Structure formats: C-alpha cells, structure tokens
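Assemble chain L onto chain F, guided by the hints.
Listed below, chain by chain, are the residues.
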Amino acid sequence: MSRPRSIADRAGPAIVALALASLQATAADGGKGCADCHPRQAAAFERSAMARAAVTPAFTAERADAADPRRCLRCHAPGGGRGVACGDCHGSGPHPFPPLEQPAVCARCHDAPGENTVRSFLDSPAFAAGLRCSDCHAVADGGFNHHFRGARSGDLLRDAATLRAFLRSEGDRTLATVTIRHRAGHAMPGGTTGRAVWLRISGRDEGGRERLDRRWRFGWNRDREGRWHDRTLPPGRPVAIELPLPSAAGIRHLTIELTYRFRPGPLDTPDPDAVILDRMEIELP
Amino acid sequence: MRPLLLLVASVLLSAILLAEPGWPQIAPRQLSRLLHEPVPPLLLDIRGRGAYLAGTLPQALNAGTDPAGFLPDGRGGDVVLISDDSVERERLAAWIRRLTNAHHRVFILQGGVAAWRAAGLPLVQAEQNYVRPGTVPFIIPRGLCEGDEPAQEYR
Numbered sequence: 001m002s003r004p005r006s007i008a009d010r011a012g013p014a015i016v017a018l019a020l021a022s023l024q025a026t027a028a029d030g031g032k033g034c035a036d037c038h039p040r041q042a043a044a045f046e047r048s049a050m051a052r053a054a055v056t057p058a059f060t061a062e063r064a065d066a067a068d069p070r071r072c073l074r075c076h077a078p079g080g081g082r083g084v085a086c087g088d089c090h091g092s093g094p095h096p097f098p099p100l101e102q103p104a105v106c107a108r109c110h111d112a113p114g115e116n117t118v119r120s121f122l123d124s125p126a127f128a129a130g131l132r133c134s135d136c137h138a139v140a141d142g143g144f145n146h147h148f149r150g151a152r153s154g155d156l157l158r159d160a161a162t163l164r165a166f167l168r169s170e171g172d173r174t175l176a177t178v179t180i181r182h183r184a185g186h187a188m189p190g191g192t193t194g195r196a197v198w199l200r201i202s203g204r205d206e207g208g209r210e211r212l213d214r215r216w217r218f219g220w221n222r223d224r225e226g227r228w229h230d231r232t233l234p235p236g237r238p239v240a241i242e243l244p245l246p247s248a249a250g251i252r253h254l255t256i257e258l259t260y261r262f263r264p265g266p267l268d269t270p271d272p273d274a275v276i277l278d279r280m281e282i283e284l285p
Numbered sequence: 001m002r003p004l005l006l007l008v009a010s011v012l013l014s015a016i017l018l019a020e021p022g023w024p025q026i027a028p029r030q031l032s033r034l035l036h037e038p039v040p041p042l043l044l045d046i047r048g049r050g051a052y053l054a055g056t057l058p059q060a061l062n063a064g065t066d067p068a069g070f071l072p073d074g075r076g077g078d079v080v081l082i083s084d085d086s087v088e089r090e091r092l093a094a095w096i097r098r099l100t101n102a103h104h105r106v107f108i109l110q111g112g113v114a115a116w117r118a119a120g121l122p123l124v125q126a127e128q129n130y131v132r133p134g135t136v137p138f139i140i141p142r143g144l145c146e147g148d149e150p151a152q153e154y155r
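So the sequence lines, in the order shown, correspond to chains F and L. Going by this note's numbering, the first residue of the first sequence is number 1, and it counts up by one from there. Going by this note's numbering, the first residue of the second sequence is number 1, and it counts up by one from there.
Treat the hints with care, since some could be wrong.
Label pairs and their calculated CB-CB ranges [said to hold, decoys possible]:
| # | chain 1 | residue 1 | chain 2 | residue 2 | range |
| --- | --- | --- | --- | --- | --- |
| 1 | F | 202 | L | 93 | 32 to 38 angstroms |
| 2 | F | 253 | L | 124 | 32 to 38 angstroms |
| 3 | L | 97 | F | 252 | 22 to 28 angstroms |
| 4 | F | 46 | L | 120 | 25 to 31 angstroms |
| 5 | F | 281 | L | 53 | 28 to 34 angstroms |
| 6 | L | 55 | F | 38 | 54 to 60 angstroms |
| 7 | L | 55 | F | 279 | 31 to 37 angstroms |
| 8 | L | 97 | F | 46 | 57 to 63 angstroms |
| 9 | F | 64 | L | 123 | 49 to 55 angstroms |
| 10 | F | 36 | L | 120 | 58 to 64 angstroms |
| 11 | F | 207 | L | 93 | 35 to 41 angstroms |
| 12 | L | 130 | F | 279 | 18 to 24 angstroms |
Some residues of chain F that are not near chain L, with every Cβ distance over 12 angstroms (derived) [unchecked claim]:
| # | residue |
| --- | --- |
| 13 | 42 |
| 14 | 52 |
| 15 | 132 |
| 16 | 138 |
| 17 | 149 |
| 18 | 156 |
| 19 | 205 |
| 20 | 237 |
| 21 | 270 |
If the Cβ cut is set under 10 angstroms, some of the chain L residues that face chain F in the computed set are [stated by the list, open to error]:
| # | residue |
| --- | --- |
| 22 | 27 |
| 23 | 34 |
| 24 | 36 |
| 25 | 40 |
| 26 | 42 |
| 27 | 63 |
| 28 | 66 |
| 29 | 68 |
| 30 | 72 |
| 31 | 74 |
What the hints contain is simulated information worked out from the structure, not anything from laboratory work. These figures come from a predicted structure and were not determined experimentally. C-beta atoms are modelled at their ideal positions from N, C-alpha and C, and glycine is treated no differently.
Pulled out of the complex, with its shape left as it was, chain F reads as follows (with noise of 0.2 angstroms):
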C-alpha cells in the first residue's frame, strides 16, 4: 500500500528545482546567492583584487585608453559586475560545480595576450613538484582561501626575488655580472603587461657624482612594428647581465636595485605601489 504524499513531498522536487535555478542564476549574478551557503568563501573573495578587477583606479584608466574596451572586461568583469564573480570560474552548470581543473580553469585570463603566467608555470620547478597555483594563491589561515593573494597582497613579493652581483677584472676592463633569481612559480612579472621588474645598477664616483645609471625592464615589451615580446624573469633559474664599467668614469660605489611596479611607464614615472625587491651597495677598492 502506498502512503499519500504529502504536500511537502509533492512540493519537495519543485523547491529543489527553484534552489537550483535560483543557484545558477545567482552564481553568474556577482555571487550574491552563493554567500547564502557559503559567507565564509563569499567573504573572503570579497577582500581579493579578482572580486575588484574592473574597477581599480589603474583599470579604469586603462580601459578609459583602450581602443576596444569591451575586450578587457572578458577577463575583469565577465559578468559584467566589479569584477569577477563566483560563477565565471566555477561554471553556470547544475549544483553542485564539479572541483575546478587547475591551471586550466585560471589560464583563460592568465594566459591572455600578453600574459604568459601559466604557460611559464607549467615550465617551472613548481609545476614539476606537483603544486598548483592555489597552493600559493589561495592559501590562508593553513588552508584554502577564496582571498586570492597576489602580488599586490604584499606578503608574496617579501624576499620573492634576490640579486647576486660581483666586479671582474678583464685586461684593463672591469665588469659587473648581476643576476637576479625570484622565486615565484610563474614568469616574473605575472599578471598582465603594464607590470615589470626594472633592474638599475647605477654608480657615483669618490665626490659622489653620478656617472652610471643603467636600467633594463623585465616584462612585456613591444617593439615599433606593434609585436608582443616576452622578457619577463623566467621561474627556476636565474637571469644574468654582464655590464663593462665605463672605465674613464672613476666609478668607486655601484648601487644595484631590483624593484616592482605595477604601473607601465618608466621607471621615473610614479607607482605608489612599487615594491624595491632587493637591493645591494658595492665599494669598489
């Protein structure tokens, strides 16, 4: 004999079927629905650059610049929000989302023109050891974290990069070798084009003058013709410059400064949020 169903278990298909609907449409709706059942997660992406990305003073301005600003919202504002939301990531399929497939689900707008962050990444040692990139850019609190930190978080750039540097004699010649190692993951500069790592050895004689100043961009570079060029810091091994001392000069103490910026321009130009990653002084005898 078949017990009578109920009104809830005639409404129950029904209510699961509205959470469901109600789900989708919220995760691809800034994430508003999905901090019902998950604040904590929801709280925390709250506090990241991705949940932002569309309106960032420094976006903004460059999106006021672009020729096809449309363009850039495919990676900053998917949804069309302040920035990414939960379902651009996580899909606008059914409840529950299958688990995330990394890199592939963060090379979509990790890899965008101009960007080699995951390509590099999977050229790494850190690759090779089996990480991820939640392992680092995910990770609070000794576990995963939707506050994804970046290089503006402050904390991943503190000693993320190191120089080497020492003076040889060749003939009557004296060169600097520097080298710079970082210890990110991924290229260095990550992230998108207008970020770069500037090396400046510079060299002041006994009176204090300065009579070297030498700088190199790390980064994206883009030659007359309009072409893209890498020359971001690879990950796993160090890059070397070998600079002659102009030898007329009478060099007697070389500075060398190894610093992150996030603004494009030169390295004159004003980025409140540049970081001096290293930085060594050397007395020459």
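The following block gives chain L in isolation, referenced to the frame of chain F:
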C-alpha cells in the same frame, strides 16, 4: 674507442689535479640536483673566457681567471668553482682564499668540466646564461588593453 679513452684519462687527470686534501668537492650529479633547489650555489667558471664561451655548466657565470681582480658582493653563500686541469693548483688555492675571505663556502666541481660531461650532464653555450633586455628599442606598454595606441618609447 680512442675518444672515450681520452675522455676517461681527462676525467682522471682532472680528478687528481683538483683533489687537494682539505678542499671540499662536489660531485657532478650532486651539483646537478642542487641547481634545482630554491637557493642553489653560485657557479663560477674560472677557466677563462675562451673555455667559458665554448661550453659551460647551466647557470655558470664567467668569473675570469684572476682571483685578485674578483670582487664579490659580500653576501656570502655557497660557491662552486668550475675548473679543469688548465687551472693551476696555486691559482685554485688563491680563488678559494679570495672567496673564503668574502664569507663564501667554497666547493670545487669534482673532476671539473670533463667529469660533468662524462656524467652525461649538459653543457650550455655561455650566452644562454645571460639576458640582454633593452638592447633593442622597445615601447613600454600601457597595458594589455591599450589596443594599438603607442605608449612610451624607451631605449
């Protein structure tokens, strides 16, 4: 057969010449593993420009041949000297003194470059260890979304 014998003889000769009691040495395989560490040792090739350009270890830097003209950055750390039987024992000792005085922990590549090669490990062309950014005029991009608008030009 003859090239193989020459290689074996070269490795043995290098091992004998570079094996000074009290000089810490590092085997090629061990060094190869260390190069993948987050903070690998600094590799200084002291064989001279010609030998260095002909082929050296990955990440090795040309330190020249004159230890008296070598000025380290003062930060110490581990250094491995890349040598071979062309480097006299006295010069090698001078290198070790120079670097030890600058607070480096110094190792010699056991058997030199010949042993590295004999272990089946790769040599690289020296220019692969250097970058030359900025040698071509380039434009500093304003960002990915700049489209085709010119940004600032930098030389």
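Now the hints, each set against the structure:
With their beta carbons about 36 angstroms apart, residue 202 (chain F) and residue 93 (chain L) fall inside the hinted range of 32 to 38 angstroms. At roughly 34 angstroms, the beta-carbon separation of residue 253 (chain F) and residue 124 (chain L) lies within the given 32 to 38 angstroms, and the hint holds. Against the hinted window of 22 to 28 angstroms, the Cβ-Cβ separation of residue 97 (chain L) and residue 252 (chain F) comes to about 25 angstroms, which satisfies the hint. For residue 46 (chain F) and residue 120 (chain L), the Cβ-Cβ distance of about 53 angstroms falls outside the hinted range of 25 to 31 angstroms, so the restraint is violated.
At about 31 angstroms, the CB distance of residue 281 (chain F) to residue 53 (chain L) agrees with the hint of 28 to 34 angstroms. Range check, residue 55 (chain L) to residue 38 (chain F): about 57 angstroms between beta-carbon atoms, so the 54 to 60 angstroms window is met. Residue 55 (chain L) and residue 279 (chain F) have their C-beta atoms about 34 angstroms apart, which keeps the hinted 31 to 37 angstroms range intact. Restraint check, residue 97 (chain L) to residue 46 (chain F): a C-beta distance of roughly 59 angstroms satisfies the suggested window 57 to 63 angstroms.
As the Cβ distance of residue 64 (chain F) to residue 123 (chain L) is approximately 52 angstroms, the hint placing it in 49 to 55 angstroms holds. For residue 36 (chain F) and residue 120 (chain L), the Cβ-Cβ distance of about 60 angstroms falls inside the hinted range of 58 to 64 angstroms, so the restraint holds. Between residue 207 (chain F) and residue 93 (chain L) the C-beta distance comes to about 39 angstroms, which sits within the given range of 35 to 41 angstroms. Taking the beta carbon of each, residue 130 (chain L) and residue 279 (chain F) are about 22 angstroms apart, inside 18 to 24 angstroms as hinted.
The non-interface label for residue 42 (chain F) is consistent with chain L: the shortest C-beta to C-beta separation is roughly 28 angstroms, beyond 12 angstroms. The beta carbon of residue 52 (chain F) sits about 17 angstroms from the closest Cβ of chain L, which is more than 12 angstroms, so the claim that it is off the interface holds. The non-interface label for residue 132 (chain F) is consistent with chain L: the shortest C-beta to C-beta separation is roughly 18 angstroms, beyond 12 angstroms. The beta carbon of residue 138 (chain F) is kept farther than 12 angstroms from every beta carbon of chain L, the shortest such distance being approximately 21 angstroms.
Under the 12 angstroms C-beta cut-off, the non-interface status given to residue 149 (chain F) relative to chain L holds; the minimum distance is some 19 angstroms. With 12 angstroms as the threshold on Cβ separation, the claim that residue 156 (chain F) sits away from chain L holds: the shortest Cβ distance comes to roughly 15 angstroms. With a least CB separation of 17 angstroms from chain L, residue 205 (chain F) remains clear of the 12 angstroms interface cut-off, as annotated. Its closest Cβ contact with chain L, about 6 angstroms, brings residue 237 (chain F) to no more than 12 angstroms, contrary to its assignment away from the interface.
Under the 12 angstroms C-beta cut-off, the non-interface status given to residue 270 (chain F) relative to chain L holds; the minimum distance is some 14 angstroms. The closest approach between the C-beta of residue 27 (chain L) and any C-beta of chain F is roughly 21 angstroms, which is over the 10 angstroms cut-off, so the hint fails. Against a cut-off of 10 angstroms between C-beta atoms, the interface hint on residue 34 (chain L) is violated, since the closest Cβ of chain F lies about 13 angstroms away. Against a cut-off of 10 angstroms between C-beta atoms, the interface hint on residue 36 (chain L) holds, since the closest Cβ of chain F lies about 6 angstroms away.
The closest approach between the C-beta of residue 40 (chain L) and any C-beta of chain F is roughly 8 angstroms, which is under the 10 angstroms cut-off, so the hint is satisfied. Interface restraint check for residue 42 (chain L): the shortest CB-CB distance to chain F comes to about 6 angstroms, inside 10 angstroms, so the restraint holds. A cut of 10 angstroms between beta carbons decides the hint on residue 63 (chain L): the least distance to chain F is about 6 angstroms, and the hint holds. With a cut of 10 angstroms, the hint placing residue 66 (chain L) at the interface with chain F holds, because the nearest CB-to-CB distance is about 6 angstroms.
With 10 angstroms as the threshold, the beta carbon of residue 68 (chain L) comes within range of chain F, its nearest partner Cβ sitting at about 8 angstroms, so the hint holds. The criterion of a C-beta within 10 angstroms of any C-beta in chain F is met by residue 72 (chain L), whose closest approach is roughly 5 angstroms, and the hint holds. For residue 74 (chain L), the suggested interface contact is upheld, since its CB lies about 7 angstroms from the closest CB of chain F, less than 10 angstroms.
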